[in-house]
Amino acid sequence: MAKLEVTHLNKTYSPKIVPVKDLSLAVEDGEFLTLLGPSGCGKSTTLRLIAGLEQPTRGEVLIGSKNVTHRSAGDRNIAMVFQSYALYPHMTVFENIASGLKLRKTPVGEIQQRVAEASRVLDLDGLMQRKPSKLSGGQRQRVALGRALVRKPDVFLLDEPLSNLDALLREQVRAELKQLFQSQNTPVVYVTHDQTEAMTLSTKVAVLYKGDLQQLDSPQRIYSHPANQFVAGFIGSPQMNLLTLPCENSHALLGEARVPLPQVTEPQPAGQIVLGIRPEHLQVGKQPDCTAVRGQVFLIENLGMSDLVSMHVQNSELTLRALIANTTLKAGDELVLSLPPQQLHWFDIETRSRIPVQPETVAH
Amino acid sequence: MSNALRTIRGREHLTGWLLLLPALMLLALVFAYPILRAFWLSLFIENLGTNLEPVFTGLGNYVRMVGDGRFWQSLWITTIFTVIAVTIELVLGMAIALVLNESFRGRGLARTIAILPWALPTALIALSWQWIFNGEFGVWNDILLRLGILQEPINWLGEPGLALASTIAADIWKTTSFVAILLLAGLQSISEDLYEAHAIDGATPWQSFRQITLPMVMPQILIAVLFRFAQSFGIFDLVQVMTGGGPAGSTEVVSVYIYATVMRYLDFGYGAALVVITFLILVAVVAIAAFLLSKAQNRTEGV
Amino acid sequence: MAPSTPVVTKPSPTQEGVNWKPVLLGITVFLVAIFSLAPILWQLLTSIKTNADISRIPNVYFPREFTLEHYIQLFDRRPFLRYVLNSAFVAIVSTLLCLGLGSPAAYALARLRLKGEQLILGLVLIVTLFPYILLFLGLLEIVQILGLGNNYLALIIPYTAINLPLTILVMRSFFQQLPRDLEDAAKVDGYNTVQMLWQIVLPTTIPALVTTGILAFIFAWNEFIFALTFMTRETMKTIPVAAAQIGGATLFEIPYGPIAAATVLGTLPLVLLVLFFQRKIVQGLTAGAVKG
Ligand SMILES: Nc1ncnc2c1ncn2[C@@H]1O[C@H](COP(=O)(O)OP(=O)(O)OP(=O)(O)O)[C@@H](O)[C@H]1O
Ligand SMILES: [Mg+2]
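Protein chains in written order, with the UniProt record's numbering: chain Y, 1 to 364; chain S, 1 to 303; chain G, 1 to 292.
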């Protein structure tokens, strides 16, 4: 019932600072949308525009198809979790969680009951009479979540809620968050610059860069079909190999190797093209149906599960990085890597956007 | 109205002004109105000669001021008072701030003691110094006699030059701590590294003071000068209680003269003109000081 | 063989430096303390000396007998308790009013991004430099027109106003240091600006309110010229004025003892404030003067 929609949203602080340029999105009930992007790309600003903490320069915000653009944050029936948790330091945990309900004149009995329920879900029993200063980081985080949950809002907004937790706790809370919001049939907008969070939690990911929406898709598709070179480079770790290659007769030249170009209708005007391949998709040795590239290893980084091997491509300035499990390679060794055609991504050298690959090359 | 309330910003704006309004109105009543009123009143003669009825005189009060020797003398005394007091307070305040910036046991207590003079009522402090400088039983005479510096007791507050010096001394005692507090804040913001780097370069403490400390606390120095200038130029309580402007008008600063003009001679129009001129002098000097301050701030930010 | 250089034992700089610095520091700290305390202590001593000792030449520094007669005299012959209560009442009420009016204004200037904010701040800063002598004439008129002479309001209103600039500057600098998220969370929770100010912002800035309140109290307690001008009835006078007028009351013998006792009583509350709140006072003064 309470679908969230933003249309042509723009926020201009000054002619030079335009953190949100022209953003349109829709989040349905039960959908979990993540705003993902590097620092300063306008994620928080977008969230604050949705919340009503900032007023958009242009564009509209609709909640449950009601236009709330000019309503104050308190009248939008949204709940928000902040990176710093923003718990009221002079109130107990109970008062913190109940404050929004009290302001809305909710009957005392119902407040008690809702807080008790949130407390059970979040395992806050026993902390209710403490002040926030007497809580651990993880507990504070859960109180902040509780404050949002009891409100039964039309939309949940979360701004990097995990970034102040240590790595171990973060993973655990991430899993809890996923379960929690799966049981809430409410739109969720989640801001993070951590792609693992985005990938694991979301049903949809919006990648933002410099105030523009780069891609809005499911996490799988963002990974497998990045819409442009920025998304390709931003998503995935270690980063995708992105190589600018000269073209010749429907082939791109990678050192001595010739990679067949996708069957695009137009030839590449500049005679160059960008080829992308993820390090985890490169295969060792000559594989059937693959282009093979020869080179010399110059760096090996141990990532635990596997090694990240960097190699100078023979007869070119280019380097390739490949993820290889239990390798005995060392710097200076010769290496042959194969590029599986179905794992190749092609980008226009000028527009930097993805060049769609014909279905027949994908099918295998 | 409804337009302003339609947007979030509009409502925020309106609330902002509503929050601000009571304070601004009170400030207008107590600060702006009296000053503006003085401008208006200064165009009238309103004294016992006119049965306290205002009679328009245009700039007559200002013409009278030009030939008013007592006014010029009070201005001169105020200037001397201000220049000497502020200069000494600055030097002494800097010395105290430097001492209090060192780390030693009991520093908190020392700071407490050092700010005490600032916090005490000026009128009561004036009584204390009046007693100290008492010509008959004063402790200052007693100390100087015991030390053999004086052979005869002196009536400090009874001799024109000495009375002024005595009031200046009392003012220095009272307000040096204020200067010291401000300068101490400046000193605390200077990183220890700067001095160490400088000392490694072979600088003496005096060179460090000249080349690091002084430039770094220049903003605080200027702020202190600004505040102290304004306070000292309008000094009233201390002088009024200690000497009442005497003997023979030798300590009659501008404020004391204005107060006497209004409250003793009931010469309201002329008193207003005196207020106006004092205000204008103050504004001019403050403007110059503020200009220097902003320049100094730019300079330290550039470092 | 290298030419033999005469072995001169230079006094090593460290030997002297290590010994002298703490000693010098100790002496200067002692001097600063003496400088700051001596006049007050002398007044205290005078207030408990007998009249005979007070007027003895050479001065008596260590009297044999002490007396409270000067204090008793203060309360016997004058409504001294009344002076104290007047001062306390006027100072406390004006301080509370000042916080009540000044904090919302400071909040508006810190957070609500009003047009003309810089101009208002500039004016507020300039106003702190006005000597009260420039104001008393205009205020006297207002007091006369409204018939407020010998009324507490005649002091409460100006005292509130003269402390407003400092309150606004200090509180604003504290508000600006508050984490923004807290207020945003409150907005999302449904607090409007005024509720947020009273229920979230001010409770979290109580230390700042205390700091500002102490400064405002000190200024109000110490004020002289308005109290001198607007309060002429004996029962309405505040301590500084009443004490200053003790000497003028008799033509014959100046009552040094009672004057000293009055000074001690009038300064005592402030001495206590400074003792307990030295840090806060320093913090407030520097925030008000420097950050603005
Ligand atoms: N009130 C403001 N006035 C002017 N510029 C602002 C304001 N708020 C944010 N900005 C600017 O807008 C840009 C986007 O900020 P935003 O907080 O949305 O980034 P973000 O994507 O959340 O980054 P991060 O991951 O670091 O939190 C930044 O360049 C920031 O400096
Ligand atoms: Mg952010």
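Since the hints were made in silico from the structure, they are not lab data. Some hints here could point you the wrong way.
[Claimed, not checked] Calculated cross-link-like contacts (lysine-lysine; reagent style DSSO-like; alpha-carbon spacing at most 30 Å):
#, chain 1, residue 1, chain 2, residue 2
1, Y, Lys152, Y, Lys210
2, Y, Lys131, G, Lys115
3, Y, Lys210, Y, Lys178
4, Y, Lys210, Y, Lys21
5, Y, Lys131, Y, Lys66
6, Y, Lys178, Y, Lys152
7, S, Lys295, G, Lys115
8, Y, Lys152, Y, Lys66
9, Y, Lys105, Y, Lys66
10, G, Lys115, Y, Lys16
11, S, Lys295, Y, Lys16
12, Y, Lys152, Y, Lys134
13, Y, Lys105, Y, Lys134
14, Y, Lys178, Y, Lys204
15, Y, Lys21, G, Lys115
16, G, Lys280, Y, Lys134
17, Y, Lys102, Y, Lys178
18, Y, Lys152, Y, Lys105
[Claimed, not checked] Each pair of labels, with its calculated beta carbon distance range:
#, chain 1, residue 1, chain 2, residue 2, range
19, S, Thr7, Y, Ile17, 45 to 53 Å
20, Y, Ser353, S, Leu5, 39 to 47 Å
21, G, Glu234, S, Val66, 35 to 43 Å
22, Y, Pro356, G, Leu119, 57 to 65 Å
23, S, Val66, G, Phe276, 49 to 57 Å
24, G, Leu119, Y, Leu103, 32 to 40 Å
25, Y, Thr57, G, Asn150, 56 to 64 Å
[Stated by the list, open to error] To list a few chain S residues with every Cβ distance to chain Y over 12 Å, as calculated:
#, residue
26, Thr7
27, Ile8
28, Gly10
29, Leu26
30, Phe39
31, Val55
32, Asp68
33, Ile84
34, Glu102
Just so you know, these numbers come straight off a predicted model, no measurement behind them. Built from N, CA and C at the ideal position, the CB exists for glycine as well.
Cross-check of the supplied hints:
1. Between Lys152(Y) and Lys210(Y) the alpha-carbon distance is near 33 Å, which puts this suggested pair outside the 30 Å criterion.
2. Our distance criterion of 30 Å between C-alpha atoms is broken by Lys131(Y) and Lys115(G), whose separation comes to about 38 Å.
3. About 28 Å separates the Cα atoms of Lys210(Y) and Lys178(Y), which keeps this hinted pair within 30 Å; it holds.
4. For the proposed pair Lys210(Y) and Lys21(Y), the alpha carbon gap of about 8 Å is at most 30 Å, so the pair holds.
5. Restraint check for Lys131(Y) and Lys66(Y): the C-alpha separation of about 38 Å exceeds 30 Å, so the hint is violated.
6. Taking the CA atoms of Lys178(Y) and Lys152(Y), the gap is near 17 Å; set against the 30 Å cutoff, the hint holds.
7. Annotation: proposed proximity of Lys295(S) to Lys115(G) holds, straight-line Cα distance about 26 Å (limit 30 Å).
8. Distance check on the hinted pair: Lys152(Y) and Lys66(Y) sit about 18 Å apart at the alpha-carbon level, within 30 Å; holds.
9. For the hint linking Lys105(Y) to Lys66(Y), the alpha-carbon distance of about 23 Å falls within 30 Å, and the restraint holds.
10. The hinted pair formed by Lys115(G) and Lys16(Y) meets the criterion: a straight-line CA distance of about 21 Å does not exceed 30 Å.
11. At roughly 28 Å between alpha-carbon atoms, Lys295(S) and Lys16(Y) fall within 30 Å of each other, so this suggested pair holds.
12. Among the hinted pairs, Lys152(Y) with Lys134(Y) is consistent with the structure: their alpha-carbon atoms are about 27 Å apart, no more than 30 Å.
13. A C-alpha spacing of about 28 Å is found between Lys105(Y) and Lys134(Y), which places the hinted pair at or below 30 Å, so the restraint holds.
14. Distance check on the hinted pair: Lys178(Y) and Lys204(Y) sit about 13 Å apart at the alpha-carbon level, within 30 Å; holds.
15. The suggested pairing of Lys21(Y) with Lys115(G) holds, with an alpha-carbon distance near 25 Å, which does not exceed 30 Å.
16. About 25 Å separates the Cα atoms of Lys280(G) and Lys134(Y), which keeps this hinted pair within 30 Å; it holds.
17. Taking the CA atoms of Lys102(Y) and Lys178(Y), the gap is near 28 Å; set against the 30 Å cutoff, the hint holds.
18. Of the supplied pair hints, the one linking Lys152(Y) and Lys105(Y) holds, its CA atoms being roughly 14 Å apart against a limit of 30 Å.
19. One distance hint, 45 to 53 Å for the beta-carbon pair Thr7(S) and Ile17(Y), is violated here, with the actual separation near 20 Å.
20. At roughly 45 Å, the beta carbons of Ser353(Y) and Leu5(S) sit within the given window of 39 to 47 Å.
21. Evaluation of the 35 to 43 Å hint for Glu234(G) and Val66(S) yields a pass: the beta carbon distance comes to about 42 Å.
22. Under the hint 57 to 65 Å, the C-beta atoms of Pro356(Y) and Leu119(G), about 58 Å apart, fit the expected range.
23. Val66(S) and Phe276(G) have their C-beta atoms about 53 Å apart, which keeps the hinted 49 to 57 Å range intact.
24. In this structure the hint that Leu119(G) and Leu103(Y) lie 32 to 40 Å apart at CB holds, the actual value being about 35 Å.
25. Distance hint for Thr57(Y) and Asn150(G): a CB-CB separation of about 58 Å, consistent with the stated range 56 to 64 Å.
26. With a closest Cβ-Cβ approach of about 5 Å to chain Y, Thr7(S) is found to fall inside the 12 Å limit, against its non-interface label.
27. Some Cβ of chain Y comes within 12 Å of the Cβ of Ile8(S); the nearest lies about 5 Å off, and the non-interface call is violated.
28. Residue placement check: Gly10(S) does not keep its beta carbon more than 12 Å from all beta carbons of chain Y (closest about 9 Å).
29. At the 12 Å boundary, the C-beta of Leu26(S) stays outside the reach of chain Y, the nearest C-beta of that chain being 29 Å off.
30. Every C-beta of chain Y lies more than 12 Å from that of Phe39(S), the closest at about 41 Å, which supports listing it as non-interface.
31. The Cβ of Val55(S) lies farther than 12 Å from every Cβ of chain Y, with a closest approach of about 57 Å, so its non-interface assignment holds.
32. Residue-level check passed: Asp68(S) sits 56 Å from the nearest beta carbon of chain Y, beyond 12 Å.
33. No beta-carbon of chain Y is positioned within 12 Å of the beta-carbon of Ile84(S); the least distance is around 50 Å.
34. Taking the minimum C-beta to C-beta distance to chain Y, about 34 Å, the non-interface status of Glu102(S) holds against the 12 Å cut.
Checked against the numbered hints given earlier, this structure breaks hints 1, 2, 5, 19, 26, 27 and 28; the rest are met.
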